[in-house]
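Asker: For reference, the chains in residue letters:
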Amino acid sequence: MSMPSKPSPSFPLPAGEGQGEGKQSIIASGKPIREITFAQAINEALAEEMRRDPKVFIIGEDVAEAGTPFKVLSGLVQEFGKERVIDSPISEAGISGITVGAAMTGMRPVVDIMFGDFITLTMDQMVNQAAKMHYMSGGKLKVPMVMRTTLGATRRSAAQHSQSLHAWFSHIPGLKVVLPATPYDAKGLLKTAIRDDNPVVLFEDKLMYQLKGPVPEEEYTIPFGVADIKRQGKDITLVATSSMVQVSLSAAEILAAVGISAEVIDVRTTVPLDKKTLIESAKKTTRAIVVDEGYERYGVTAEIASVIADGAFYYLDAPVKRMGAMDVPVPFSPVLEDQTVPTPESVAGMAKVLCNKS
Amino acid sequence: MKIRLFEEQVNQLYMSAKMPGLAHLYIGQEAVAVGVCETLRQDDYITSTHRGHGHCLAKGASLDRMFAELLGKAPGYCRGKGGSMHIADQETGNLGANAIVGGSAGIATGAAMSAKMRGSDQVAVCFFGEGALGQGLLYECMNMASLWKLPVIYVCENNLYNEYTHYSETTAGEIRERAKAFEIPCEAIDGQDIVLVHAASQYFVERARKREGPSFLICNTYRFYGHHVGDVDRAYYRSKKEEEEWKNRRDPLKLLAQRLTKEKTADDASLKQIEDEIQRQIEAAVQFALNAPYPKPSEVEQDVYA
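As given, the protein sequences belong to chains C and V, one line each in that order.
Read in order, the letters of the first sequence correspond to residues 1322 to 1679 in our numbering.
Read in order, the letters of the second sequence correspond to residues 319 to 624 in our numbering.
By construction, these hints were calculated from the structure, which means they are not laboratory data.
Source: prediction; values computed, not measured.
Among the hints, a few may not be true.
Said to hold, decoys possible - Pairs of lysine-lysine residues, derived as DSBU-like cross-links and limited to a Cα-Cα distance of at most 35 Å, are as follows:
no.	chain 1	residue 1	chain 2	residue 2
1	V	K320	V	K572
2	C	K1403	V	K498
3	C	K1463	V	K528
4	C	K1512	V	K467
5	C	K1673	C	K1642
6	V	K590	V	K320
7	C	K1376	V	K498
8	V	K336	C	K1461
9	C	K1642	C	K1604
10	V	K614	C	K1596
11	V	K336	C	K1463
12	C	K1605	C	K1555
13	V	K336	V	K565
14	V	K582	V	K572
15	C	K1463	V	K614
16	C	K1555	C	K1596
17	V	K467	C	K1392
18	C	K1463	V	K320
19	C	K1597	C	K1461
20	V	K590	V	K336
Just chain C, with the same shape it has in the complex:
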């Protein structure tokens, strides 16, 4: 996977500024920006927030000495101790529920759900408890918790360890849903999530953990509900989430070679959703494809495509297209699995059709 050479901005770039113009503070510092992995970015965000706020703690399966199977949390138990980096039983519902209760009574817990597929076990606690507590209590109770979990296929892990189920939580009022696609975004968005007074679910692409990217040493956060234009273009808009941002950036490279200028927008948070940036881009380019690794049927792509179709209807030269995961359980065999998710080639192929250049 390739990465932009500079950190992505935390706000949509004003017209005329090219891709890769970083944040002001980074430019002002004048230092070369170090590169760290996505996993390190998550780790740093947690460590910094735990140093800043003693109320923050981590609970989950194999989070302490093991640092999770993905080694994302390595070293945290050494710094913060087993009181704040808590290895739990394999009880996803139980740890989610305990997290809700702790959050309601003065703590700011971060619960680790190892595979996104296991969120099914947390549903009552997240959907009926965490999401509704503030509203049901007339605005009195708050649930400032973060659930970190994963998404993404093509790790040859088959149907119960490969799904991208972020649409489920995006459906529920009261939850916020965060989908970082670069190390820079991962760190800034996770820090914002921990400081948010609502239940926030953050999905991390398992295949992205080793991806490197520039992350400044300086403190920063990234606001929710602000999409990021990862690449400027004028012929077609590729709206992407999480794992599909890199796929769409690669597709844009393929398209550039045949003279199609693709704009790639990373929504970064599905809830809240930055509708304005998506609609403005589609108005400008007149064509849009929404790319997401969740199942296509009733999925995130449907919601976003509808937002664009409504908001940019009179400007569009083609129907808004959706590309999600195939509506099949994720199969094991590579020959089968690789067909199920969008690829740079398939996204570029669809874009060429929309631009009449196939």
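Please arrange chain V on chain C, whose structure you already have, making use of the hints.
Answerer: Quick look at chain V alone, frame taken from chain C:
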């Protein structure tokens, strides 16, 4: 007494169609909520159930704001957004009634964990009915509470019926064995005897405050009325005779009155005086609620997010 009269009033509000929706009456089980909550401080936590009015009142909720919430009015505890099954009151440590059976086991256990992590000596009480014994979440939480010695007391009110089904049809083995499996101390007591409930709760609460870990209290009790206010034809799941026996011989209010009279702490006149006073409070609270304004329609989108 306050709970009994409150609930009778709720039933009347339902019958006279002044209350939207349904309510699940606590009548018959009052000694459990009062006996336990009397051993708690205001800053201790409770979580409650769909049958939660008793717990809320016993923990200190006020009658007028309770009635207002039941009627969906703006001064209600949840500004009319929660209703009967979701009354929460942060000021009295009530983390909310919960309409998912067993759904609050995580919240109570998490509150206990939070108290421990913050270095506070607060405790949390998780009220649930025997119906919640069928939910896996409860055992996940009991396991962690025992492992980490969390200051939580699981209070199982066995009123014999999972909604419309006798618990013996749904519950294998002895309930106390389930606590034992996690090495959680357990007592099974007569939940109609408030003195017993109070003593057992006091013991477990002190134990929790001393960081000696969780406990499990089984209170054997009875729901005098139906699963909810509309459940009036109950012959298909329990007999009139059984109901009458409990009402006549096992009514926690009558049992307490008998005890107080016998001990000469109170007499019929003083008890009548208390009842009249509470009845006056109830009437004033209902009037308050009936006269209170509804929330503004524009509030529908408020407080989805903090």
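Asker: So, against the hints stated earlier in the document, which numbers end up violated here?
Answerer: Per hint list: zero violations.
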